Amino acid sequence: MLKTNFLGIELNNPVIVAAGPWNMDGANLHDSIAAGAGAVVTESIVSDTMIDVGPRIACDENGAQNIRLYSDIQIEGWEREMEIAKSDGGVVIGSISAHSPSELAYLASKLEKYGADAIELSVSNPMLESLEVVASHADVIYEMTKAVVSAVRIPVMVKLSQNTTNISKVAKAVKEAGGSGVSAINTVRGILGVDLEQARPMLSTYGGVSGDYIRPMALASVATIAQTVDIPISGIGGISSGRHALEFMMLGASTVQVGTAVMLQGKKVIRTIVDEMQEWMEANGEKDPQKICGRALSNLKSFDEMRYEPFVSTVIGVPCEEHCDRCVETCMYKAIAKAGKTVHVDRTNCTGCGLCTFICPAKKLSLGL
Amino acid sequence: MNIKQIAKAAGVSVATVSRVMNHPETVAPKTREKIERVMKEAEYKPNWFAQGLNFNKTKTIGIVIPHMLHSSYMEIAGGVEEVARMKGYITFMCNVEKDKKMEREYISQLIMRRVDGIILMFSSLDEQHLAQIDSEKVPVVLIGENQENSKACSVKVDCRDGAGEMIAHLLEVGHRSIGFLCGSDPQQEAKEMLTGYRNILKASGLKADEDMILRTENSIEGGYISTKKLIATKLPDAIFATSDEIAYGAIDALKDSGYKVPDDVAIAGFGNNRMSNLIEPKLTTVELPFRKMGIYAARILFDLIDGESRDDKQILLRPRMRIRKSCGHKERIGEMF
Chain A
1 MLKTNFLGIE LNNPVIVAAG PWNMDGANLH DSIAAGAGAV VTESIVSDTM
51 IDVGPRIACD ENGAQNIRLY SDIQIEGWER EMEIAKSDGG VVIGSISAHS
101 PSELAYLASK LEKYGADAIE LSVSNPMLES LEVVASHADV IYEMTKAVVS
151 AVRIPVMVKL SQNTTNISKV AKAVKEAGGS GVSAINTVRG ILGVDLEQAR
201 PMLSTYGGVS GDYIRPMALA SVATIAQTVD IPISGIGGIS SGRHALEFMM
251 LGASTVQVGT AVMLQGKKVI RTIVDEMQEW MEANGEKDPQ KICGRALSNL
301 KSFDEMRYEP FVSTVIGVPC EEHCDRCVET CMYKAIAKAG KTVHVDRTNC
351 TGCGLCTFIC PAKKLSLGL
Chain B
370 MNIKQIAKAA GVSVATVSRV MNHPETVAPK TREKIERVMK EAEYKPNWFA
420 QGLNFNKTKT IGIVIPHMLH SSYMEIAGGV EEVARMKGYI TFMCNVEKDK
470 KMEREYISQL IMRRVDGIIL MFSSLDEQHL AQIDSEKVPV VLIGENQENS
520 KACSVKVDCR DGAGEMIAHL LEVGHRSIGF LCGSDPQQEA KEMLTGYRNI
570 LKASGLKADE DMILRTENSI EGGYISTKKL IATKLPDAIF ATSDEIAYGA
620 IDALKDSGYK VPDDVAIAGF GNNRMSNLIE PKLTTVELPF RKMGIYAARI
670 LFDLIDGESR DDKQILLRPR MRIRKSCGHK ERIGEMF
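These protein sequences, in sequence, are chains A and B.
Position 304 (the first sequence) corresponds to 304 in our numbering; numbering is contiguous.
Just add 369 to the spot in the second sequence (first one is 1) and you have our numbering.
Rather than coming from a laboratory, the hints here were simulated on the basis of the structure.
For clarity, every value in this text was computed on a predicted model and none was experimentally measured.
Since no wrong hints were added, every one of them can be taken at face value.
The list that follows gives simulated cross-link-like pairs (lysine to aspartate or glutamate, EDC-like), each with its CA atoms no further than 20 Å apart: (1) A:K113 <-> B:D672; (2) A:K146 <-> B:D681; (3) A:K146 <-> B:D527; (4) A:K113 <-> B:D675; (5) A:K113 <-> B:D681; (6) B:K399 <-> A:D72; (7) A:K113 <-> B:E394; (8) B:K399 <-> A:E79; (9) A:K146 <-> B:D680; (10) B:K399 <-> A:E83; (11) B:K399 <-> A:D25.
Derived CB-CB ranges, DEER-like: (12) A:Q265 <-> B:T427: 46 to 54 Å; (13) A:K287 <-> B:A397: 40 to 48 Å; (14) A:E282 <-> B:K409: 58 to 66 Å; (15) A:K3 <-> B:G380: 37 to 45 Å; (16) B:A397 <-> A:L355: 56 to 64 Å; (17) A:P55 <-> B:A397: 25 to 33 Å; (18) B:D503 <-> A:S150: 23 to 31 Å; (19) B:E579 <-> A:E143: 28 to 36 Å.
We put the CB at the ideal spot given by N, CA and C, even for glycine.
Go ahead and model the full structure; you've got the sequences and the hints to work with.
Laid out in structure tokens, this is it:
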């Protein structure tokens, strides 16, 4: 039921395991495929390997920060790793990263020769690069994409970054250069936190933040690209459940990529996400994942297009049995009052901001006329 | 023991043993280690000459180096060797001391010894000489550009862009008169850097002062002498040198003449040699990816040895700025970290 087509490649489902150390070699890629992924992306392969620092990964309940760099295996070794990865079939996308178009073209052509089904250009890693990530320059992305597209026959997608002023411009450059798709977003430059007693940040340098922290930004990036550029999108950023995956798809992604969830929960999460998607689709009578793609976009408007609705907060199912006054305490317009177990909304003071409908733990408040 | 017995003892096919000897990078590390252990225990040594005759390959490459004493050339060679080792090759290193005649002699020696390919670092050979080697059917890859050579398989760095970026940076931090110390080699790259210098000055509405452009030998001494000459007529705000060595000489000359770097004159080099981060003031420079240049040259060479076409066998690498104290820039905006 979840079978789909992405960049002209048939996938068993739209869940792709993203580039990262969990896909560091052939054996790990093979495991990710066996765990139920529709496709897998290799850890980013570079011109010359670098020594990793340690510690390089930190996490908390909302996500992770990492300063791990790139694949430890030189391109020469990937011939063997690709063979291992694909030994029982499966779709493998080769991720590459470099600073010049000719380097990228070289790495891509080798991976094509070794059996990669597609290429993902990682041009937006926030680690070890200067403050201005490559992905913020549409002209550079155009040159890089064009060089790779002309070097290989397999599809090429480009992984974009939130660290740019106009992601749509960059996605457009990818399309103009002949790229088949984009993936968004890469990790976001950040610091997870500071140990106050030690006066020490969680990791010893700036890193890429991922997980729940970045999902709202990722959803917005995917929607923005979907609304402005006609190009297939692979959505990435804090996906750890079937619902998350479907949210990305409803905003225009035709596939999704899972990375941090695999790192923090293990590869079993892949199957969970796929199963949850399947359950939701069955429960809602959906048969084709491609039909879900972009469905929520018509409800995502610009300010210009929005209508002014005279909505106010209403109280459903009074009286309220909850032992809290959160709606009363947080209403900025002083529109909510509580007398005993009865919650009252002053319709003249209420401006319909909607906050109480999210704040109420019992979901007793909703907006209406 | 012969190859068949080794295969049997290791529980693999003859083809796998052969792959360990000829294309070790294509064998899974565990299998490779096992076969290598069996070979070691049996003291098995493949017959070198038989192998060479069999495959018409000697599994050797040559690398021609301008000068042994130059640490960055050694870094490049290290990159070449890493790939060669992965391919089961050994590398002949020939030091030609920047001597054109010596370079040509070494190349014919390498061809006579039937190397499978040759890498020339900052070669003094022109297109005609390269065509001669080509007629011997020995693949050649160039690293860097000393003589203009746009057709050969090569790994180059975008020197025009690198120098241009540095000049733009010097202008951005407020320097207006910028001296240019143009090294004698690599000739073509120095030319490219000069073009980058002129382009950026022009784009900023400034005219290049020809008295500020001095030709010099590419050495510390060359940098020293040319800087003395330059400051005898006019003291610039900043000096850009086409190599870090020239920049070291320039710093020395300025110190000897009683000037402070960067307070009186800012200095920027090109290359980012190991020493550049150790001298005081630490040298602002354009970093060249030396090791990567070697790695890519070897990759291309082995592609050619494996019979791939020469099309698209040109790699252009991007240099990166290293902003340090010698250019007087206190803020670290844009620096890598």
